[in-house]
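Number of protein chains: 2
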Amino acid sequence: MTRELFRENAESIRVKKEKTAVKNLERIIDAVFSISMEKGFQAMSMRDLCDESGLSMGGLYGYIKGKEELLALIQGQGRRMLERFLAESLTDLTDPFEKLDALIRAHVYLSEVARPWFFFSFMESRHLGKEDVSRAIAMEAATEKALSDLIEEGIDNNAFAPCDAELMAGLIKAMQQDWYLKRWKFKKRGTTVEQYADAVVDMAFARLARKEG
Amino acid sequence: MTRELFRENAESIRVKKEKTAVKNLERIIDAVFSISMEKGFQAMSMRDLCDESGLSMGGLYGYIKGKEELLALIQGQGRRMLERFLAESLTDLTDPFEKLDALIRAHVYLSEVARPWFFFSFMESRHLGKEDVSRAIAMEAATEKALSDLIEEGIDNNAFAPCDAELMAGLIKAMQQDWYLKRWKFKKRGTTVEQYADAVVDMAFARLARKEG
DNA sequence: GTCTATAGTATGATAGAC
DNA sequence: GTCTATCATACTATAGAC
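Keeping their order, the protein sequence lines are chains A and B.
Just so you know, we're using my numbering here: the first sequence kicks off at 25 and counts up by one.
Just so you know, we're using my numbering here: the second sequence kicks off at 25 and counts up by one.
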């Protein structure tokens, strides 16, 4: 994962030995997540980043052109991950409820595995450059559209109760997001990711089920 | 509202003429919201704040001790507002569904009226001092507990379908929050606050309705 | 009560030794 | 490839004129 990141940004990275570069890039990105989680990206100084990553001031600048570029770098890493995920999650299920179930769970589990990235991305994406903001919005819209397409399809097939598919998809997304935004709360309560995903699916199913009789 | 804020912090505000002080405090707080919405509180310099509020560097420091204090000041303002709201929203309805409906809507409408504060508070509360963080968490927990108590009561009365009331309250809260977190999205789509509140209520009702037969 | 000018400090970035 | 030392800049906060 980080290796791809290195190869893609190879021109702007002064360090050429892949093994070293990948190792240090990983430490840098982890450090950014860790510091940003606590005090936010804007409040993080490059000196903070040096302390946390173990590199020196000069060493750090062998990997990145500047603080601004860090945002785009991390954003790109996550985008690749999400793109791969979106492609893979086009499963060959046919039942609308099963498909919705799979799509909801996939996103929640992915955000559990890559929680630092999701949290960081949500909190800091507003501060990206103009071009990266549009890309982030497009990515956000794509995940939501996957949901709303599925819902719309289910409504057309009379499998789901009629409703505003776009609005519905937004509500489901809001619930999915809460899992990585309120980590401390769920940790304190001992809620597991499975329990949470179950609850979101139950909620969506209840709303989309056609009333009998 | 801002007058109370002035009176409560009167010792630390150098300007003593109430009318002037209230007017300027309002401009300062609005400016903080405006700048933070765009670039985040941490990235806002005191010079930015001067430009946006129309005060000079020296003038500004007549109202606040420092940048740190601004956070606590704004947090306090919102807390007062929320406390008042929580006290008022204890209506005398009896039907569990009506009560839940009222509670959900009240929060969404309040967040519509005071959206800058809600957005700011969500994004920046992590960076408060230790004491203020606990107070923010307590406030967050209180609004969620109002929901979960109501749900639990409804389950006990056999009015609602059984479920984990705490988890359910969290999901409803997540949907409520999305209204002020994704303002641009809803604005673009033309979704109104009434439509949104309706959708959240529908979702909650569907999940909590007891299945007939 | 508000302004301008400035002191002192922390920051992002680089040059050059190893 | 990495470090230490250093630069120019931008910041918070205050002092003193008006």
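These are calculated hints, taken from the structure and not from any lab test.
Hints may contain errors.
Note that the list lumps identical chains together, so a pair holds whenever it fits in one copy or between two copies.
Capping the alpha-carbon separation at 30 Å, the derived lysine-lysine pairs in DSSO-like fashion look like this [stated by the list, open to error]:
#  : residue 1 : residue 2
1  : Lys-212   : Lys-169
2  : Lys-169   : Lys-89
3  : Lys-209   : Lys-123
4  : Lys-169   : Lys-63
5  : Lys-169   : Lys-209
6  : Lys-63    : Lys-91
7  : Lys-209   : Lys-154
8  : Lys-43    : Lys-209
9  : Lys-169   : Lys-47
10 : Lys-47    : Lys-89
11 : Lys-41    : Lys-235
12 : Lys-235   : Lys-154
13 : Lys-169   : Lys-154
14 : Lys-154   : Lys-211
15 : Lys-91    : Lys-123
How the hints compare with the structure:
1. In the homo-oligomer, the alpha carbons of Lys-212 and Lys-169 lie at most 30 Å apart only across protomers (15 Å), although the nearest pairing inside one protomer, at 33 Å, exceeds that limit.
2. Neither within a single protomer nor between protomers do Lys-169 and Lys-89 lie at most 30 Å apart by alpha-carbon distance, with minima of 35 Å and 47 Å respectively.
3. When the C-alpha separation of Lys-209 and Lys-123 is checked against a cutoff of 30 Å, the pair qualifies both within a copy, at 29 Å, and between copies, at 25 Å.
4. Taking identical chains as interchangeable, the C-alpha atoms of Lys-169 and Lys-63 lie at most 30 Å apart only when they sit on different chains, with a minimum of 28 Å there against 33 Å within one chain.
5. For the identical chains of this complex, Lys-169 and Lys-209 are neighbours both inside a copy (29 Å) and across copies (13 Å), given an alpha-carbon limit of 30 Å.
6. In this homomeric assembly, Lys-63 and Lys-91 come within 30 Å of each other (Cα to Cα) both inside a single copy, at 15 Å, and across copies, at 15 Å.
7. In this assembly of identical chains, Lys-209 and Lys-154 lie within 30 Å of each other by CA distance solely across copies; the values are 17 Å between and 33 Å within a copy.
8. In this assembly of identical chains, Lys-43 and Lys-209 lie within 30 Å of each other by CA distance neither inside one copy nor across copies; the values are 38 Å within and 42 Å between.
9. For a Cα distance limit of 30 Å, the shortest separation of Lys-169 from Lys-47 qualifies neither inside one copy, at 36 Å, nor across copies, at 45 Å.
10. For the identical chains of this complex, Lys-47 and Lys-89 are intra-copy neighbours only, at 18 Å inside a copy versus 44 Å across copies, given an alpha-carbon limit of 30 Å.
11. For a Cα distance limit of 30 Å, the shortest separation of Lys-41 from Lys-235 qualifies neither inside one copy, at 63 Å, nor across copies, at 63 Å.
12. In the homo-oligomer, the alpha carbons of Lys-235 and Lys-154 never lie at most 30 Å apart, since the shortest distance is 46 Å inside one protomer and 49 Å across protomers.
13. Taking identical chains as interchangeable, the C-alpha atoms of Lys-169 and Lys-154 lie at most 30 Å apart only when both belong to the same chain, with a minimum of 22 Å there against 40 Å between chains.
14. Taking CA atoms no more than 30 Å apart as the test, Lys-154 paired with Lys-211 passes between copies only; the shortest distance there is 20 Å, against 35 Å inside one copy.
15. In the homo-oligomer, the alpha carbons of Lys-91 and Lys-123 never lie at most 30 Å apart, since the shortest distance is 41 Å inside one protomer and 50 Å across protomers.
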